[in-house]
Structures are given as structure tokens and as C-alpha cells.
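Q: Single-letter residue listing:
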Amino acid sequence: METAVAPRLEVHDVSMRFGGVVALEHASLAARAGEVTCLLGDNGAGKSTLIKIMGGVHPPTSGAYLLDGEVVRFRSPSDALSLGIATVYQDLAMVPLMSVWRNFFLGSEPTTGWGPTRRIDLARCREETRTELASMGIELRDPEQTVGSLSGGERQAVAIARALHFGARVLILDEPTAALGVQQSERVLAHVRTAAERGVAVVLVTHSPHHAFSVGDRFVVLRRGRVVTDEPREALSVDRLTGLMSGASA
Amino acid sequence: MLAVTLAAVVATAGCGEPSERSLTATDGAARGDLRIVAVTHGVSANPFWSVVINGLDDAARDMGVAVEYQAPNTFDMVAMSELIDAAVASRPDGLVVSVPDPDALGGAIRAAVDAGVPVVTINSGEVASASLGALAHVGQAEYDAGFGGGERLAQAGVHRVLCVNQEVGNAALDTRCQGLQDALAGHEVTSSVLAVELADPEDTRQRVAGALSADPTIDGMLTLGTTGAEPALAALRDLGRVGAVRLGTFDLSTQVLEAIRDGEIDFAIDQQQYLQGYLPVVLLTLYLETGTVPGGGQAIPTGPGFVTIETAQQVMDLTRRGLR
Amino acid sequence: MSGRAARVLARPEAAAAVGAVLIWVLFAGLAGPPFRSMAGTASYLNAAAPLGILGVGVALLMIGGEFDLSVGSIVGVSGMSVMLLTTEVGWSVWPAIFATVLLCLLIGFLNGLTVVRTQLPSFIVTLATLFILRGLTIAAARGFTRRTQLGGLDDVAGYDLASYAFGSAPFAGLRVSIAWWLGTAALATWVLLRTPWGNWIFAAGGQAEAARNVGVRVGRVKIGLFMTTAFCACLVGILQAVRFTGADALRGQLQEFYAIIAVVIGGTLLTGGYGSVVGAVFGALIFGMVRQGIVMAGVEADWFQVVLGGMLLLAVFVNRYALVRAQRAS
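Quick mapping for you: the protein sequence lines, in order, are chains A, B and C.
Per the working numbering, residue 583 is the first one in the first sequence, and the count goes up by one each step.
Per the working numbering, residue 267 is the first one in the second sequence, and the count goes up by one each step.
Per the working numbering, residue 719 is the first one in the third sequence, and the count goes up by one each step.
Bound conformation, chain A alone:
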């Protein structure tokens, strides 16, 4: 659906060159608040490159980056994060040997006390971790348990809950269901839906047209660095989407 408000995040006509290799050519993608935009394509299509640009890992060789309609430049993922753009990478979102609450508040630890006695507010950390995860439907046995002891789906949920808790306005998810079974995938997709319902602009990168179609509002297909499809839900079906991804004529 079209709105008069500018998309929350938009990359416009971006290209990315690495030496002689062209990873992206004239690609555009708009992510709108409250919507799930699915980014699909085969391996090597340029999905990772595109979301790295969106997440602030490196600037594009050419093209514009707009946040709420205004041009922005990032120098690092931290810059992007501070503007509310959170990226959740499949394997690299959590530190497995650390506890859930430590992971949850990593980089944004709440403190109490002042000067040399400034310390982490442990009670607050444990309590808020428990509540936030509960609101995503996860009951933690023990906030001290390590992230490594959680299932893959639970880990993704923690990452999403973390991003939402710290005020993400754009949430980019890199293949969150790729390594998960059916049940866990469904739960993660439910969390994705929840995030969108809370007004976040979600970009979901996935291999699977089925998963995409179960939550997506808009679908962008990349092939060899170019956007070959950019359609809303009404214009597509699962089969058609699958066909587009595999290279049948658009």
C-alpha cells in the first residue's frame, strides 16, 4: 500500500563495486514502518551486500541512502545502530558463552552508582530481560543461562527482542530461519510479525518463498546484483514468487 509518508529507510539506485567485481547495480529498496519487506534471491545475488549497505557496514560505491526521506551517511554499524537501524545476522548475533541478560544488554548496559563505583544494575538487567522475552512468548528458566543453551529459534527471538527493546526503528534480519526446523521457523516468523505490528520497518532476507510469503507485505527479488522484482503482496502468489526467484520470466 502506498502512503504519503516517506519510507523509513530507503536505498536508491545503489551500486557496489569491489575491485573489478560488481556486486550490486542500480538497486533500490524501500522499507516502510509497520511493513515486512522481504528480500529474496539466490546465493551470490547480492542480498548480503545490500543489507550490509543498509546496516552501515560500508557505504555504497554510488547511490543514495535515505532515512525518513533525508540523506544520511554512516561510518560504522554503530552509527547506524544509534539511528535505530538494527541488523541481526544469522550466526553472529549472540555471544554463546555469555548469559542471556549479558547478551541482551551488551553495549547498552544500564548502570547504577557513580564515579569509580559505577556498576551494572544487575537486578534491572535480569528483570527486564525476563519481561521483554516473556512479551515475545519466551519463558526463561534462568536469566543466567547461557545463550548457547538456547535453541536456534530462541536465540533469534532474543536478538529480535533486544533490537526492539533498544528502540530499533528498522530491523534487518539476515536469513533467520535458514538453519531452523518447521516449528522454530514459525515461531521466529511470528516474532517478525510482532515487530512489524509495533511499527518497526522490517527487512527480512530469506531463501524461502514460503517463509517470505507467510509474513511479507512487499517482495524484492535480486538476481546477479539487480532488482528484478519489487511488488506488493496483492500482486503475487507463492508460486509466482518461487518462479521469479528461480529465474522464470518475470
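No lab work stands behind these hints: they were computed from the structure.
Backbone N, C-alpha and C fix where the C-beta goes; we use that ideal spot for every residue, glycine too.
Keep in mind that the hints are not guaranteed to be accurate.
Just some of the chain B residues that point at chain C, by a computed CB distance under 10 Å [claimed, not checked]: (1) V303; (2) Q336; (3) G373; (4) T574.
The calculated lysine to any residue pairs, modelled on SDA-like cross-linking and capped at a C-alpha distance of 20 Å, are [as the list claims (entries may be wrong)]: (5) A:K634 x A:H792; (6) A:K634 x A:A646; (7) A:K634 x A:V587; (8) A:K634 x A:S610; (9) A:K634 x C:A817; (10) A:K634 x C:G933.
Dock chains B and C against chain A, hints included.
A: Relative to the frame of chain A, chains B and C by itself:
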């Protein structure tokens, strides 16, 4: 958890206090009960020190006492002082210790003396020994050894001598050269010091050769260790001046002994380190039994012993038996 | 087993604590009353303290995912710096100590910067630094004084106060270095477990990418950790220089390896992301008890190397066990 453990450790520390023992043993302790600990800076794998250890072991057997040997595995004064502390804490009847660095080890040795353990120093630290509270020092007096070497060279008829010092700044070695020079001065022989690198035989050889070429009147040399002697001899061979330049050295090695036997080196000054192991055990045993100490406050010299062409073969045999 | 007890035993330092108790019992039996006496206890606590201080810094760094093999050489630099500044340049003791600390912090900063910028393994970078620093220490000593062992610090102005702060044995033979050890360990434990920096250290060692993705400045954390190990090594060098009123260009040799062994015995993983400063304290304590206990038991000190090798193997097993526990922890 940590606090509890450490508190427990310190609390139990009181549990093992035996009553004070008088260690100037007139309590009739049998020799078999006596236990002496030796702590030196010499790793037992070092050939020089393994002779000292043999001396300790033989004396232990002959005297009928128990002797333990401890040394750090590198030249490390920190580790050595900790070993001394541990040895003292084990309440030995006597302590034998070398003192290569009196400043670093002084604290630990004084603590041993204060704890009532009789101490005999060996090998190094002869000057500091008495002030540290040791009963006696058994070792080679560096000055006298250098002096003796100077006398020998003078008697061989030299006119100008080079003292080859591989570690200028090491007080013991500097003293050796000083003794040499004083002895020679008494015979109106001039001398000077040539500094060379301890760990670099090639450099040593070149420097010696250079010095000999620059001053052809040099007809005598004294090296302060086998690391100096072997390259110096090589330099003489290179210049074809073996025999024309009289060469003496401190300390023994197989090469040096063979050169003496073959007449290439005149003499070696042997500090007879076997005695540095053997005698302290005897001294401590007798002290514990009778309260006597020889020496009258002077160091008991174990050297210099001069090994010459007459005795070289015998010494080589003894070296194979670990006695020299 | 109750939940509380299970939780305590699952902590990284638990195995080392139990180990320390067992070693104590062993030597209390082998070496008898001397080991249990105040003199004996002071003997092994004093021996453990320098290694313990190194262990604090090395533990933090290893939890943060890196190694510093140059700490032993920094000990040598530190002592020699104090001695050269006082006896050759003519400063009094405290300015020399202050300047030495700054020098060591600079070395740590350079170590860290090199590792972070070049992305080379810290094992290699600090191995190179180990040699470079040791060589410079020997060269500087010989260059100024033609000797490698310097003495006479007690003649320099300011020594008395320094002796009190760094070199004294104020209580029953227990040296003040023990207080420095436990003090730095307490501070480091606080930082590690109770502050945001500690969280970043665990994250940097456990999964640096994940940490970067949420805005943790991993590079800065690591540089800070290298400066910490350098500071700890500096402290050990100063303690030894003041206590022995001099320096030796070879001081600190091999200490980096002993420190790593002590830290690993204490439950820290070689791969980073998991560990404990308290465990490293127990590791150093075990080291001290073994080193001194062997002598007190009348065993030749040569056997220490055999025991050391055995402890290293034990450390590897403990490490593997700790990893399994960590991965299953819940």
C-alpha cells in the same frame, strides 16, 4: 569463596609450629638425623656445577648426613631467593649457598641466619659472606688467583701481557685481572685489559688476533674462562704464534686440558669446585657437633690450583669421573 | 545437589579452588609441619604473588580473546628502566617509577594497536615483542653500564618510602606484594563481573563480531587489555627492583608461560570468552604451593620441571572440561 580459602590458608599456618630447636647441636643428635640443604645458582645440567654436586654427595656419604641440592632452572636471583626461603622454612640443620648477587640474596640469607640456621657460602660472594652472617666462605679468592697467574707468567719470562676479560663490569672477573696486573707490576711486566664478548667466540678470536697484530710485543695472555681460552688459542693458531705467546687461563674444559697436555697452553687455574661441594658439608657437620669453624673469619680458598703439562692427563681422567 | 551448590560448582574457578585445597593437603602431608608453619605459608604466598599479579592481567586478556607473550620481557624492561633512570640518569625513585609505568603502558598500547590494526594473531605479535623488548633491555643495560645486573637502588632518594610500599614484609614474613596481588585481583574481578567493560571483555573474546554489531568498540577494549597486562608486568618489575634493590636484564624470563598455565588452571579458556580472575588467583596459589612445597618436602628442585609439565597437561584437561561445562551451562 576466595576470601574464605585464603583466610583458611593463613589460619592453618599457625598449626604447624614445632617448638624451637637449638641448632648448635649439643643435643646429641646423631649424624644420621642431620639434614643440610644446598642452594646455588648453578643448574645441575651445567658441567661445572655437576662437579660441585658430586662433592656434596660424596661428602654426605662420607659424613653420614643428608644433603639436598636446589637450584633455579635459569640464572634468576628472584627464583633463587625463593628457594632459599623455602629451604629455610623446611628447617634444615645447615645451609650451603652461593652468592652471585649479595644485594639480591642478602635478605634471604640474613633471614636464614636469624632463624638460627648455620650458613656456609661457596663459590661467589666472598667479600659479603661475613657481613651476611655466614660462618665461613669456601671458594676461590679471585684476586689471589689472578695474582698467582701473574706470577706464573712472569716466571715464564714474558714482558707484556694481555688480560682477556669476557665480561668487563663483572666484579669477580675484574678482580682477577687486577690481581694479574699487580703481580706482573711487581716483576716490571706491563699489562693491559682486552674486553671481549662473552657469548661470541668469533668476535673474541678476531679481537685477540687484532690486539696481537697491533702490538707485536705482547708475549703473554691470561683468559678469564674457557669461553675466552678457546677462541684465544684459535687466534694464536691462526697467527702461527702458539708457544711464542704464553697462554694461561681460568677454569677447565676438555679442549683446554688437551691443549695443556699438548703444550699449547701453559696452565689453567682450577678453582677445584669439587672442594666447594665437599668441604662445606664437612664444616657444617663438625660445627653442629663441636661448634668449631676453621678459617678464623677468612675465606677458605679452594683455589687456585694450577693444572700444567705434568698433571694434565691425570686431571683429564678425573674429569671423566666427575671429580674435577 | 541443591541449585545453589550446583551453581557455585559450575563457576569457572571451582575446579581451581578444589585443586588448591587438594595440593595443600598433599604438601601438608609430604612436607609436614614446615609447610603448615607461618614461615612455610609465607614462603609460598610470597612466591605466588608476582605470578598472581601477572595472572590477573593475562586472565583478563585471555578472556578477551588474546595472548600476551611479552609480559615476561616487560617485567625485565620495568626493573631496568627504574634502575637506569635512577642510577644512570640521576632521578629519584618515585619519578623513575612513574615514568616506568608510563613506558610500560605505552608498550601495552603499541602491542594492542599492532594486534588490532594488523589483525595478526596476538600470539605472533607479542612473541616478536618478547624478543625485541628483551634484546633492548640487555642492550640498554650494557650500553649504559657494560653490565646486565645493576644494583644500588637503596642509595637513591625516595627509596625508603618505596621500600615500604613495594618491598616490605610487614606481617609475619608475608610480603606486601601479596596485598598488591589480591588488590589487583579484586579490582579486576569487579571490573570483569560488575561493569559494562567486563561485559565487553567477555563479548570480545566470545564472539567479537556479535559485539561489534551491537556497537561495542572491540578494538579499544583489546588495546585496553594489552595495556592492563603491561601494567601488571610493570608492577611486578617494580616490586622486584625495590625488593632486591636492583635489576637484572633477564628478569621475568619464562614468566609469560607460567602465567598462562596458572590462568588456564584457573578455568579460563584458551579460546577466550570464558574464565575467571579468581580462578587465576587459585592457579597462581597452586603454582606457589607446588614450587615451594617441592623444596620443603626435600625433593630436588629439578623435579619442578617435571611437575610443571604435568600441571600443563592437567591444565589442558581442565580447559577441555571447563569448555564442555560452559557450553552446557544452564
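Q: Hint by hint, say whether it matches the structure.
A: Cross-check of the supplied hints:
no. : hint            : in the structure
1   : V303            : 8 Å, holds
2   : Q336            : 4 Å, holds
3   : G373            : 8 Å, holds
4   : T574            : 33 Å, violated
5   : A:K634 x A:H792 : 24 Å, violated
6   : A:K634 x A:A646 : 14 Å, holds
7   : A:K634 x A:V587 : 25 Å, violated
8   : A:K634 x A:S610 : 14 Å, holds
9   : A:K634 x C:A817 : 45 Å, violated
10  : A:K634 x C:G933 : 15 Å, holds
Violation of the numbered hints given earlier is confined to hints 4, 5, 7 and 9; the remaining hints are satisfied by the structure.
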